[in-house]
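The residues making up each chain are set out below.
Number of protein chains: 2
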Amino acid sequence: MISKRPFAKWLGDTNEVTRIFLAAGEIPDMINLAGGLPEPSVWPADIIADMAYKAVLENTEEALAYSPIEGLPRLRDVIAERYNNNETKLTRDNVLVTTGGMQALDLLGKIMLDEGGLIAGQFPTYLGALDAWRPRKPSYRPMHLEGNKKFDAHAALEGAKFGYIVPNFSNPSGFLVPLETRKSFVDAAHATGTLLIEDDPYGTLYLDGPPLPRLLDLSAKRQIGPYDGPIVYLGTLSKMLVPGLRIGWVIGAPDVITALTLAKQGSDICTSGLCQKIAQEAFSQGLIEDILAPTLSIYKTRRDVLCDAMEANLSELFQWTKPQGGMFVWAQAIDPRIDTNLLLHTAMDCGVCVSPSSAFDPSGANKNSIRINFTLNEPDKLNVGIKRLATATRRLLAES
Amino acid sequence: MISKRPFAKWLGDTNEVTRIFLAAGEIPDMINLAGGLPEPSVWPADIIADMAYKAVLENTEEALAYSPIEGLPRLRDVIAERYNNNETKLTRDNVLVTTGGMQALDLLGKIMLDEGGLIAGQFPTYLGALDAWRPRKPSYRPMHLEGNKKFDAHAALEGAKFGYIVPNFSNPSGFLVPLETRKSFVDAAHATGTLLIEDDPYGTLYLDGPPLPRLLDLSAKRQIGPYDGPIVYLGTLSKMLVPGLRIGWVIGAPDVITALTLAKQGSDICTSGLCQKIAQEAFSQGLIEDILAPTLSIYKTRRDVLCDAMEANLSELFQWTKPQGGMFVWAQAIDPRIDTNLLLHTAMDCGVCVSPSSAFDPSGANKNSIRINFTLNEPDKLNVGIKRLATATRRLLAES
Numbered sequence: 090m091i092s093k094r095p096f097a098k099w100l101g102d103t104n105e106v107t108r109i110f111l112a113a114g115e116i117p118d119m120i121n122l123a124g125g126l127p128e129p130s131v132w133p134a135d136i137i138a139d140m141a142y143k144a145v146l147e148n149t150e151e152a153l154a155y156s157p158i159e160g161l162p163r164l165r166d167v168i169a170e171r172y173n174n175n176e177t178k179l180t181r182d183n184v185l186v187t188t189g190g191m192q193a194l195d196l197l198g199k200i201m202l203d204e205g206g207l208i209a210g211q212f213p214t215y216l217g218a219l220d221a222w223r224p225r226k227p228s229y230r231p232m233h234l235e236g237n238k239k240f241d242a243h244a245a246l247e248g249a250k251f252g253y254i255v256p257n258f259s260n261p262s263g264f265l266v267p268l269e270t271r272k273s274f275v276d277a278a279h280a281t282g283t284l285l286i287e288d289d290p291y292g293t294l295y296l297d298g299p300p301l302p303r304l305l306d307l308s309a310k311r312q313i314g315p316y317d318g319p320i321v322y323l324g325t326l327s328k329m330l331v332p333g334l335r336i337g338w339v340i341g342a343p344d345v346i347t348a349l350t351l352a353k354q355g356s357d358i359c360t361s362g363l364c365q366k367i368a369q370e371a372f373s374q375g376l377i378e379d380i381l382a383p384t385l386s387i388y389k390t391r392r393d394v395l396c397d398a399m400e401a402n403l404s405e406l407f408q409w410t411k412p413q414g415g416m417f418v419w420a421q422a423i424d425p426r427i428d429t430n431l432l433l434h435t436a437m438d439c440g441v442c443v444s445p446s447s448a449f450d451p452s453g454a455n456k457n458s459i460r461i462n463f464t465l466n467e468p469d470k471l472n473v474g475i476k477r478l479a480t481a482t483r484r485l486l487a488e489s
Numbered sequence: 090m091i092s093k094r095p096f097a098k099w100l101g102d103t104n105e106v107t108r109i110f111l112a113a114g115e116i117p118d119m120i121n122l123a124g125g126l127p128e129p130s131v132w133p134a135d136i137i138a139d140m141a142y143k144a145v146l147e148n149t150e151e152a153l154a155y156s157p158i159e160g161l162p163r164l165r166d167v168i169a170e171r172y173n174n175n176e177t178k179l180t181r182d183n184v185l186v187t188t189g190g191m192q193a194l195d196l197l198g199k200i201m202l203d204e205g206g207l208i209a210g211q212f213p214t215y216l217g218a219l220d221a222w223r224p225r226k227p228s229y230r231p232m233h234l235e236g237n238k239k240f241d242a243h244a245a246l247e248g249a250k251f252g253y254i255v256p257n258f259s260n261p262s263g264f265l266v267p268l269e270t271r272k273s274f275v276d277a278a279h280a281t282g283t284l285l286i287e288d289d290p291y292g293t294l295y296l297d298g299p300p301l302p303r304l305l306d307l308s309a310k311r312q313i314g315p316y317d318g319p320i321v322y323l324g325t326l327s328k329m330l331v332p333g334l335r336i337g338w339v340i341g342a343p344d345v346i347t348a349l350t351l352a353k354q355g356s357d358i359c360t361s362g363l364c365q366k367i368a369q370e371a372f373s374q375g376l377i378e379d380i381l382a383p384t385l386s387i388y389k390t391r392r393d394v395l396c397d398a399m400e401a402n403l404s405e406l407f408q409w410t411k412p413q414g415g416m417f418v419w420a421q422a423i424d425p426r427i428d429t430n431l432l433l434h435t436a437m438d439c440g441v442c443v444s445p446s447s448a449f450d451p452s453g454a455n456k457n458s459i460r461i462n463f464t465l466n467e468p469d470k471l472n473v474g475i476k477r478l479a480t481a482t483r484r485l486l487a488e489s
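Protein sequences, first through last, are from chains A and B. For what it's worth, the numbering used here labels the leading residue of the first sequence as 90, then goes sequentially. For what it's worth, the numbering used here labels the leading residue of the second sequence as 90, then goes sequentially.
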């Protein structure tokens, strides 16, 4: 960005892809396959409206006063209960409520990173995590989890300030981290003591089969009593209910939660009590479960439509693996001349927007892939969007 | 805090006063004069409940989807209109919606401070600002605005990354920055180009007379067209309506708003749409104005009760100036043996909680004053609280 002011140095480095996505939403006839937006038609507005009304009228102080920094005690209990099972023992001391999942990433950077700290990050990496940590100028040790080679999690985590992975349908790659790799990560986190962030916005979005165990659960198995291990699990309502409440949560060892609480004190004091009360009711009344089946049904159809359209239109231009869940297909250009930063602009000229891979690389160097979202658009639009993308790709190749 | 983890270095430095306040709220019979909490009885819960209901049901996407990072366009317009007048010209490009006033401080630190940056800060300094900026390890040039000497604002701002003042009833000192000093700050900000943060949570809480002009207005006078000057004005709903919606706003030059938007993208993506819609309605329907008169009437009574009780019980132990508004009385111990960090603990043993001055000093060295809140407690409690404080102070003196 251009300005006469002496802004902090990291601002010179920031990506503007997220802003391009959001602006793309306002261009008429633009088909936005770039963002990670959920489908709004399944939102139970009438029920949430009632919950909001009752929260303010019947629990006025909880809804409208400052909350405890850590979150409303009853909401923390409800979240702990949600993840409790025979082996995973959580109490409210394991839970921090955050202002969306993004705040959890920001707070983790705040408590773990002095300037230049080393992060072992799954590659490609969620661009929001890169945004959150950029002001602390970290260095990255990229973890490539895909492919046939056994991944050495111990070497990856050793000496890092923390590790970061999205085991369920990674953003952007849609990759589902296999059970054996999960186990080796948990082994490595326990052996090295390095905190390992398990970012799990898409954990409810399994489209083809039963969920794999969480790293949190694999880690909790190893101990007796309330959780005190190295996994820091991040959840959010944004993909399982609605994003506009800005409710996320961290589950971790109590000393990590305490440090995050000190960081949150200086970030926004507390999350909206009103939004927390709605979240508490949504969990308690089973609202998440009620909307899951219709959501998955829509997403599965759209994933299939998108992949069929890609097969029909893009198979000579890109290669990809059909994801088993989540929100995205990650497609790699076959022709090495394709620079997906340039493709973004050509695609927008053709009326479709996708995310270029540079946004998911700490160095910005990876320019051969794109992320395509399948959750937001109806089948017709997915079909048209993919045709436009094929046209744009061919146009870019013809020009190069 | 004590932990086996390799946390970032600043965590070793953080104050725990805010956590002590909040915990004090849960001790039976404790009279909490420490916090900065508003009186909840004036909150129009029924009206806010209706607004919440309608926001979700009638504006579902705005309330429940992701908002633009900068905030909902209509809310930004309403905020701009609120501050517009003949001389101050604002558009939505001058406005960023934040997750409470605290987030504005955090974001300003993020965009302005590389590690160790210099802040020219009004002394004593709001502890939340110290909390927000602590992770960036800034240095402070303290600005002492009280007393008879003419303050040299130019020398204070020159070379600083930014200046920070709370002109209306400063937290903690309750000091009202006089018009001449305001003018000299605006002159100095224009002359040096240094951004000057005008933090104004208490600007509606004038108890004795008409408000002085904002620095924003004094600065806007100097130019034609939409605001592009060096004042960065911070507002919040927390003290003029309710804190639990976590709605604040920044007004500033468009390039500052753009930089803050990039910072907010990596902090929480956006503020809750539901809370923003309620704020927009509250402004549009005049709800702020409706509850102002009853709020001021309660606060004026309580301020007078508190100061009378102090006069009757503390006049040999402390000296203070009766504030003309805001939420706090700042009292300086007459006996230099009194360490108010120790007094906090003795006072809590006696059933009353106040804020020690060390929390408002970047170095923590100032230990001779206390901040006393008058807005949260009813007159009887204020009287008992001050008697307990007198007992505690005498006990501490007897022990020293």
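Quick caveat, the hints were computed from the structure, so don't treat them as lab data. Warning: the hint list may mix true and false statements.
Intra- or inter-copy, both count: the list cannot distinguish identical chains.
Result set (BS3-like, lysine-lysine): computed pairs, CA atoms no more than 27 Å apart in a straight line [to be verified]:
no., residue 1, residue 2
1, 239, 310
2, 143, 93
3, 272, 411
4, 226, 93
5, 178, 143
6, 470, 93
7, 226, 98
8, 470, 411
9, 93, 310
10, 93, 272
11, 93, 178
12, 476, 389
Please sort residue 272 with residue 411 into within, between, both or neither, judging by C-alpha distance up to 27 Å. within (24 Å within a copy, 64 Å between copies)
Within a copy, between copies, both or neither: which one fits residue 239 and residue 310 at a CA-CA cutoff of 27 Å? Close inside one copy (23 Å), not across copies (67 Å); limit 27 Å.
At most 27 Å between CA atoms: does that hold for residue 470 and residue 411 within a copy, between copies, both, or neither? within (19 Å within a copy, 66 Å between copies)
At most 27 Å between C-alpha atoms: does residue 226 with residue 93 qualify within a copy, between copies, both, or neither? For residue 226 and residue 93, the Cα distance is within 27 Å both inside one copy (22 Å) and across copies (24 Å).
Same-copy or cross-copy closeness of residue 178 to residue 143 [CA-CA at most 27 Å]: neither (31 Å within a copy, 40 Å between copies)
Within, between, both or neither: residue 226, residue 98 at alpha-carbon 27 Å: both (9 Å within a copy, 15 Å between copies)
I want to check one pair: residue 470 and residue 93. Are their C-alpha atoms no more than 27 Å apart within a copy, between two copies, both, or neither? Neither. Shortest intra-copy (43 Å) and inter-copy (52 Å) distances fail the 27 Å Cα cut-off.
First find the shortest C-alpha distance between residue 93 and residue 310 inside one copy, then the shortest across copies, and answer within, between, both or neither for a cut-off of 27 Å. between (55 Å within a copy, 21 Å between copies)
Using 27 Å as the alpha-carbon threshold, which applies to residue 93 and residue 272: within, between, both, or neither? between (51 Å within a copy, 24 Å between copies)
Taking 27 Å as the upper bound on the Cα-Cα distance, should residue 93 and residue 178 be classified as within, between, both, or neither? between (53 Å within a copy, 21 Å between copies)
For the identical chains here, do residue 476 and residue 389 meet the 27 Å Cα criterion within one copy, between copies, both, or neither? within (20 Å within a copy, 68 Å between copies)
When no copy is specified for residue 143 and residue 93, does a C-alpha distance of 27 Å or less occur within a copy, between copies, both, or neither? neither (49 Å within a copy, 43 Å between copies)
Violated hints, listed in ascending order, are 2, 5 and 6; each of the other numbered hints is respected by the structure.
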